[in-house]
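2 protein chains.
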Amino acid sequence: MSLETVSTNRSHGGTQGVYAHASAETGTTMTFAVFVPDHEPGARLPVLWYLSGLTCTHANVTEKGEFRAACAEHGIIFVAPDTSPRGEPVPDDEGYDFGKGAGFYVDATKEPWKANFRMRAYIERELPALVAEAFPADMTRQGITGHSMGGHGALTIGLRNPQRFRSVSAFAPIVSPLACPWGEKALGGYLGADRAAWREYDACALIADGARVPALLVDQGSADGFLEDQLKTGLLVEACEAAGQSATIRMQEGYDHSYYFISTFLGEHIAWHARHFA
Amino acid sequence: MSLETVSTNRSHGGTQGVYAHASAETGTTMTFAVFVPDHEPGARLPVLWYLSGLTCTHANVTEKGEFRAACAEHGIIFVAPDTSPRGEPVPDDEGYDFGKGAGFYVDATKEPWKANFRMRAYIERELPALVAEAFPADMTRQGITGHSMGGHGALTIGLRNPQRFRSVSAFAPIVSPLACPWGEKALGGYLGADRAAWREYDACALIADGARVPALLVDQGSADGFLEDQLKTGLLVEACEAAGQSATIRMQEGYDHSYYFISTFLGEHIAWHARHFA
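Read top to bottom, the protein sequences are chains A and Y. Quick note: the first sequence uses this note's numbering, first residue 215, plus one each step. Quick note: the second sequence uses this note's numbering, first residue 215, plus one each step.
The set of hints was computed from the structure by calculation and includes no laboratory data. Check before you lean on any hint, since a few could be wrong.
Since copy identity is lost for identical chains, a pair holds within one copy or between any two.
[Stated by the list, open to error] Listed below are the simulated SDA-like cross-link pairs for lysine to any residue, each with C-alpha atoms no more than 20 Å apart in a straight line: (1) Lys278 with Val232; (2) Lys399 with Leu441; (3) Lys328 with Glu239.
Please take these sequences and the hints and turn them into a complete structure.
So this is what it looks like as structure tokens:
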């Protein structure tokens with residue numbers, strides 16, 4: 215696998231890089247960002263994955279996330295993938311909430327999406343192999359987090375891979391695509407009308423069906439305009455309680471859906487993941 | 215004076231706001247950002263001014279500066295003005311380094327610039343009066359910092375107003391517009407060919423002519439592509455040494471001119487200003 219370095223910038227005593235590669239899964243060039251703190255020669259550092267939300271690329275969290283100070287302090291590699299395949303041959307939708315920028319971390323099974331929209335396989339298999347090869351990563355110590363659609367991605371990928379991730383967290387996640395308009399549009403489009411096929415992409419359904427994560431932390435802003443119709447944090451609280459999944463799910467008073475919210479608490483999430491890497 | 219609230223977002227236990235007002239100095243609508251940390255009712259907080267660089271608005275540092283955690287910790291209001299007047303009637307230049315986005319914190323004396331390009335008066339008089347009225351600011355405790363062209367602004371405004379600012383810092387400042395292409399183009403355009411008139415807008419000349427600041431901190435990245443031709447940090451070191459101006463001027467190994475550099479050290483600058491507000 216060959217990796218093209220798009221840019222590197224020294225920051226917080228480490229290297230913030232942006233990289234591109236030809237993805238076998240998506241059939242496109244995929245771009246992602248990695249922060250590697252300074253470390254002893256030969257050291258292997260734990261890896262925190264950050265999955266972004268609708269309309270985002272790797273760049274949003276890389277510029278606005280305020281994560282590097284905490285990653286440098288705790289010695290953690292931070293990987294921020296894109297949210298979908300990009301480029302001319304990739305099909306798209308007029309909405310911001312489907313198609314490019316809205317891959318929903320699924321492997322699509324329907325035309326015209328299934329050739330390129332393989333973000334589940336990309337995050338679960340292809341990109342980890344590349345990260346393990348190209349960076350000083352200790353793949354026995356991984357955590358995952360994300361925002362909104364990426365919070366959905368972190369929760370569902372975490373629940374399906376409890377042996378891979380020691381800790382799972384999320385910011386304002388879509389907790390149940392089965393139960394919200396964003397989810398109905400995206401999963402209906404990528405997977406088709408059979409809602410039984412959606413359950414492996416629904417955090418609440420996965421928990422109800424028996425999936426568990428070793429440790430779970432969720433922050434949700436009380437002033438988030440998407441809370442009531444799309445995010446529905448209460449469904450995750452109920453699913454965890456019904457299933458006995460231990461979780462810390464916090465309502466943060468006055469915070470909205472933006473990076474002003476994420477950047478406030480991302481350092482705290484990193485410290486929490488670091489405790490699980492110890 | 216009336217202030218329009220463009221947006222507010224809760225962040226780091228405070229309020230990040232963006233505001234607009236009709237400026238008497240520039241004859242335009244001016245936009246600026248203010249972060250106010252949570253505080254006791256009736257409390258007055260010290261104010262740190264951040265002046266931005268070429269092409270920037272208030273938004274760059276507001277999104278990428280990573281300053282809110284430190285301002286919340288130290289109880290400091292952070293004010294980020296725009297870098298020039300904006301809008302249709304304002305004259306402009308084809309270059310990124312003159313006209314809109316490039317006010318250089320001067321009061322222009324030449325046509326067609328002098329009607330609108332009054333960023334010195336705006337930062338020295340108009341905006342402080344507005345901030346004092348609209349925010350819980352203790353105007354007896356002010357500091358100023360900035361980046362590149364804004365570092366030049368912070369240094370020169372600080373040097374001309376030592377009674378107003380307890381502390382002055384800068385990131386990768388243009389230390390001598392008299393001695394670099396950016397400065398020659400901008401000051402030549404705004405002020406005309408008489409270089410004697412430029413001296414009050416040149417940090418090194420101001421220091422040579424007797425101006426002093428109470429405390430001075432400068433960080434410069436060693437990998438900054440503008441260092442040799444435009445920024446010339448060494449001239450500031452020489453000016454301070456020749457005049458007996460105490461200063462801490464640091465070369466930061468491997469850092470460039472970007473917000474990846476600024477965000478690494480801005481929290482440290484805020485802590486340094488906080489010590490001067492105590």
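Evaluate Lys328 and Glu239 at a C-alpha cut-off of 20 Å and name the case that applies: within, between, both or neither. within (10 Å within a copy, 58 Å between copies)
Using 20 Å as the alpha-carbon threshold, which applies to Lys399 and Leu441: within, between, both, or neither? For Lys399 and Leu441, the Cα distance is within 20 Å only inside one copy (17 Å; across copies 51 Å).
Regarding Lys278 and Val232, is the shortest C-alpha distance of 20 Å or less found within a copy, between copies, in both, or in neither? For Lys278 and Val232, both the intra-copy (15 Å) and inter-copy (17 Å) Cα distances are at most 20 Å.
Violation of the numbered hints given earlier is absent; every hint is satisfied by the structure.
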